[in-house]
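**Student:** Read off the chains here:
There are 2 protein chains.
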Amino acid sequence: MNESTSREELIEVLRKAPSVALFSHVSPDGDCVGSMLAIGLALEKMGKEVSFYNPDPLPSYLAFLPGSSRIRPDFPYPQPKTLLFVDCTDFQRVNLSLSEISSESTVLNLDHHISNQLFGHFNWVDAQASASAEIALTLINQLGVEIDRDMATNLYTALVTDTGCFRYSSTTAQTHRLAAELLDLGLDISGIHHNIFDQKPLAQIKLLQCALSGLEILADGQLAVMILNLEDFRKCGAEQEMSEGLVNYAQSIVGVEVVVLLKEVGPQEIKGGLRSNLWLNVNEIAAQFGGGGHKRAAGCTIRLAMAKAKQSIITAIEEALKSGRDH
Amino acid sequence: MNESTSREELIEVLRKAPSVALFSHVSPDGDCVGSMLAIGLALEKMGKEVSFYNPDPLPSYLAFLPGSSRIRPDFPYPQPKTLLFVDCTDFQRVNLSLSEISSESTVLNLDHHISNQLFGHFNWVDAQASASAEIALTLINQLGVEIDRDMATNLYTALVTDTGCFRYSSTTAQTHRLAAELLDLGLDISGIHHNIFDQKPLAQIKLLQCALSGLEILADGQLAVMILNLEDFRKCGAEQEMSEGLVNYAQSIVGVEVVVLLKEVGPQEIKGGLRSNLWLNVNEIAAQFGGGGHKRAAGCTIRLAMAKAKQSIITAIEEALKSGRDH
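Here the protein sequences come in this chain order: A and B.
For the first sequence, my numbering gives the first residue as 722, with consecutive numbering after it.
For the second sequence, my numbering gives the first residue as 722, with consecutive numbering after it.
It is worth saying that the hints were derived from the structure and are not from the lab.
Some hints here could point you the wrong way.
No copy is singled out in the list; a pair is fine if it fits within one copy or between any two copies.
[What the hints assert, rightly or not] DSS-like, lysine-lysine: derived pairs with alpha carbons at most 30 Å apart:
1. 802 with 921
2. 802 with 766
3. 1043 with 921
4. 921 with 1016
Being a predicted model, the structure only gives us computed values, none of them experimental.
Construct the entire structure; sequences and hints are all you get.
**Tutor:** Below you can see the structure in the form of structure tokens.
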């Protein structure tokens, strides 16, 4: 596909299209769903036919989003000539094969990931944007559609979820300016936050309790270790993915620089999730166990029994903490 | 004191004053301290002598605020003629007696609480502001002082702490516009958030684990009950005030409408903290036990042993939930 990056052409294609199919990525999150819905609702206001696609079921915390019940896991038929991919780094993110796309279709790609593969005929990729919602809002404004509360609810949810409530370092002055523009429409932000953040399964809270009950603080208070065995998940009635975010609790303890959560996923198979607060490069530690990630967040799989896996990773972290202090 | 509410006169007094003493309230929080420091640093930039007062020690999570080490618990001597009270609803909030204030002093009162007593000679009270920081930023702009990073760090911290990261319903479009103005100065927001939110004592995390271990879900999943006995605090090495915020965890469970945390504070003395999510009026429930508060957050003291206190409040809540559904 031609790698033109002209946002003006993308806008022009949308303006002229009588019908548009919108696509969002697997494991849907607030940004891909909210941005897709907001753009779709805006295109509908312009009189276009619109369809929404996502390959996976929507997580329950996003079910309140206006328009969300219209999202389908099937490729729209008949296939519109204009296809807009929202928040997808590459074509694979939507679980479709290229052969399903008609050669007559125009592929539009709107995203904020720096790793975006510019797979569209026309691409609007802005890695400075904290969320695809920032681009979506600019697009809707440029299409000349007046933002309504349904669109604003979708876009605000997208901003909030992708920036961790304006906390992540990706948040910019522009993010806040766009949030202000949305709040001008009189959004019920307490209601939105309740829908997004207060829908935790009881099993997840039980799993938190379980992880905290075994919390160990080592290395003069700099290292926090949490363990979850298969039996813990069974006991709490929790799914594996519910351990997501548990490290944050240990990370917020004063003096803690690094946290490791060791999760038993099978016999002799331990998943290690690592986070650091200020300086320790956990990517290097994960790499020692064949894993990787980023400086402040990384992971690895250790093929040992829990006790041995725990001992090895604690030793590696303690050494890294020590050599860090020596520098 | 004369209850003039003219902000123009307040600004004029500050403009002319050669030295200003700034005051913030007992149990200092991010807003009173951050707003006070930002205004003081701005006045200093105008060439004025400035002193900062707070009766209590600063919580450790605010120690990173530029200028915070200059805050003193003593009334400044010699007493400047201009005294500015920041974020204080009334004069008692600073633990000073009126007699300590010279009759020649001009008292200025800058606040965002609707219950403000307009105790100053000149008052700038705006109950629409999500934080006193909103007023402080407007004031600094009107004084013609260019905001620098130190002031911005103070003001951003004040905004973030008083709005729960822009989540509370007090947050407005204007709050986000002011945040944008501050972020334009290139703040390190991850660093600020780490300082504010990731400084929890280990004892507090242990108390969370303890409270969650006894979590009960009743009334078809609508009611969550948590218990903390004196022995739990002792075991965790936790202070009473560390139970603050624990209700939030139970409140975020899907389906839960109301949470009660019962805390033993002495023999036959149980403090009940109540929160509701969407509709239940917990103020009415607290009132049945001689307490009170707001619709969504209230408290009471029950003079019974824990088991009996628990049974009575559960009965009261279950009845309220039932009659709510009947309406």
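**Student:** All the hints need checking, so say for each whether the structure fits it.
**Tutor:** Do the hints match the structure? See the list:
1. 802 with 921: Close neither inside one copy (40 Å) nor across copies (54 Å); limit 30 Å.
2. 802 with 766: within (19 Å within a copy, 61 Å between copies)
3. 1043 with 921: between (38 Å within a copy, 24 Å between copies)
4. 921 with 1016: both (29 Å within a copy, 23 Å between copies)
Hint 1 alone, counting from the list given before, is not met by this structure.
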